[in-house]
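If you read the sequences in order, they're chains A and B.
Under the working numbering, the first residue of the first sequence carries the number 1, and numbering increases by one thereafter.
Under the working numbering, the first residue of the second sequence carries the number 1, and numbering increases by one thereafter.
Keep in mind the hints are simulated off the structure, nothing from the lab.
Take the hints with a grain of salt, since some may be wrong.
As the list claims (entries may be wrong) - For lysine-lysine, the following BS3-like pairs were computed, each having C-alpha atoms within a straight-line distance of at most 30 angstroms:
id, chain 1, residue 1, chain 2, residue 2
1, B, Lys102, A, Lys62
2, A, Lys83, A, Lys15
3, B, Lys112, A, Lys78
4, B, Lys58, B, Lys69
5, A, Lys44, B, Lys112
6, A, Lys83, B, Lys58
7, B, Lys58, B, Lys102
8, B, Lys58, A, Lys11
As the list claims (entries may be wrong) - Now the in silico label distances, taken between C-beta atoms and shown as ranges:
id, chain 1, residue 1, chain 2, residue 2, range
9, A, Ala5, B, Asp8, 31 to 39 angstroms
10, A, Ile12, B, Glu114, 44 to 52 angstroms
11, B, Glu16, A, Lys15, 25 to 33 angstroms
12, A, Leu116, B, Leu51, 27 to 35 angstroms
13, A, Asp63, B, Glu114, 43 to 51 angstroms
14, A, Lys44, B, Glu20, 35 to 43 angstroms
15, B, Thr5, A, Arg16, 30 to 38 angstroms
What the hints assert, rightly or not - Some but not every residue of chain A turned toward chain B, in silico, with C-beta under 7 angstroms:
id, residue
16, Pro43
17, Gly53
18, Val54
19, Ala88
Yeah, the Cβ is synthetic: ideal placement off N, Cα and C, and Gly gets one too.
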Amino acid sequence: EAGVAQSPRYKIIEKRQSVAFWCNPISGHATLYWYQQILGQGPKLLIQFQNNGVVDDSQLPKDRFSAERLKGVDSTLKIQPAKLEDSAVYLCASSPTRQRHYNEQFFGPGTRLTVL
Amino acid sequence: AQSVTQLDSQVPVFEEAPVELRCNYSSSVSVYLFWYVQYPNQGLQLLLKYLSGSTLVKGINGFEAEFNKSQTSFHLRKPSVHISDTAEYFCAVNPFTGGGNKLTFGTGTQLKVEL
Numbered sequence: 001e002a003g004v005a006q007s008p009r010y011k012i013i014e015k016r017q018s019v020a021f022w023c024n025p026i027s028g029h030a031t032l033y034w035y036q037q038i039l040g041q042g043p044k045l046l047i048q049f050q051n052n053g054v055v056d057d058s059q060l061p062k063d064r065f066s067a068e069r070l071k072g073v074d075s076t077l078k079i080q081p082a083k084l085e086d087s088a089v090y091l092c093a094s095s096p097t098r099q100r101h102y103n104e105q106f107f108g109p110g111t112r113l114t115v116l
Numbered sequence: 001a002q003s004v005t006q007l008d009s010q011v012p013v014f015e016e017a018p019v020e021l022r023c024n025y026s027s028s029v030s031v032y033l034f035w036y037v038q039y040p041n042q043g044l045q046l047l048l049k050y051l052s053g054s055t056l057v058k059g060i061n062g063f064e065a066e067f068n069k070s071q072t073s074f075h076l077r078k079p080s081v082h083i084s085d086t087a088e089y090f091c092a093v094n095p096f097t098g099g100g101n102k103l104t105f106g107t108g109t110q111l112k113v114e115l
């Protein structure tokens with residue numbers, strides 16, 4: 001079974017530029033997550049989708065970050081314009097349809113963003 | 001709200017020695033507990049989890065962890081480490097209620113195994 005796919009793996013941009021990351025979850029997984037992992041910190045949830053609807057985006061900086069999952073499968077996370085403090089690894093994860101309180105999250109390899 | 005504390009940012013250890021990585025949490029509700037491992041330039045991989053039942057849980061690669069409710073701890077142990085265990089380890093919690101899967105991570109512990 002293929003895992004969570006992310007692209008690109010690395011991205012370097014200048015501040016104030018725009019950038020987009022793509023994620024393809026494990027086939028059949030209804031829930032998709034985007035995390036931000038700043039160097040020296042644990043991952044922090046940015047947004048959670050259930051199919052194509054947003055479940056939680058309380059920690060997403062909506063003035064510059066946006067995310068979509070239009071067809072309930074793959075997802076795109078965008079930053080516009082980027083700031084120096086956005087330098088981080090952006091992790092995508094997916095989990096199967098929620099049937100109990102807990103469903104294991106499976107993580108992709110991440111996209112490492114460097115903002116200069 | 002939940003929080004996770006991993007007091008040791010780095011733990012150096014010699015190969016074949018035992019190791020313990022500490023994790024303490026704070027939560028107003030009951031939680032599920034997890035340990036994830038992250039190898040360089042890779043995503044997170046689940047090592048083990050505590051959902052219910054026996055407080056001693058065994059995971060992959062010879063790791064185990066013990067849930068201690070009174071001390072709100074979930075320390076990770078391995079009796080004999082290998083060079084390939086060099087990685088970053090994250091402790092995480094997920095509350096029982098209030099919206100399904102919501103992982104809160106600690107800041108991580110870098111385990112460095114030396115020859």
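We went through each hint and held it up to the structure:
1. Lys102(B) x Lys62(A): Holds - the C-alpha atoms of Lys62(A) and Lys102(B) are around 20 angstroms apart, at most 30 angstroms.
2. Lys83(A) x Lys15(A): holds, 5 angstroms
3. Lys112(B) x Lys78(A): violated, 35 angstroms
4. Lys58(B) x Lys69(B): Holds, at roughly 17 angstroms.
5. Lys44(A) x Lys112(B): Satisfied, since the Cα-Cα distance of roughly 24 angstroms is no more than 30 angstroms.
6. Lys83(A) x Lys58(B): violated, 42 angstroms
7. Lys58(B) x Lys102(B): holds, 23 angstroms
8. Lys58(B) x Lys11(A): At roughly 37 angstroms apart (the allowed maximum being 30 angstroms), Lys11(A) and Lys58(B) break the hint.
9. Ala5(A) x Asp8(B): 31 to 39 angstroms: holds, 33 angstroms
10. Ile12(A) x Glu114(B): 44 to 52 angstroms: With a Cβ separation near 32 angstroms, Ile12(A) and Glu114(B) fall outside 44 to 52 angstroms, so the hint is violated.
11. Glu16(B) x Lys15(A): 25 to 33 angstroms: Violated, at about 47 angstroms.
12. Leu116(A) x Leu51(B): 27 to 35 angstroms: violated, 44 angstroms
13. Asp63(A) x Glu114(B): 43 to 51 angstroms: holds, 45 angstroms
14. Lys44(A) x Glu20(B): 35 to 43 angstroms: violated, 26 angstroms
15. Thr5(B) x Arg16(A): 30 to 38 angstroms: About 36 angstroms separates the Cβ atoms of Thr5(B) and Arg16(A), which means 30 to 38 angstroms holds.
16. Pro43: holds, 5 angstroms
17. Gly53: violated, 13 angstroms
18. Val54: violated, 12 angstroms
19. Ala88: violated, 13 angstroms
Violated hints, in rising order: 3, 6, 8, 10, 11, 12, 14, 17, 18, 19; the structure is consistent with all others.
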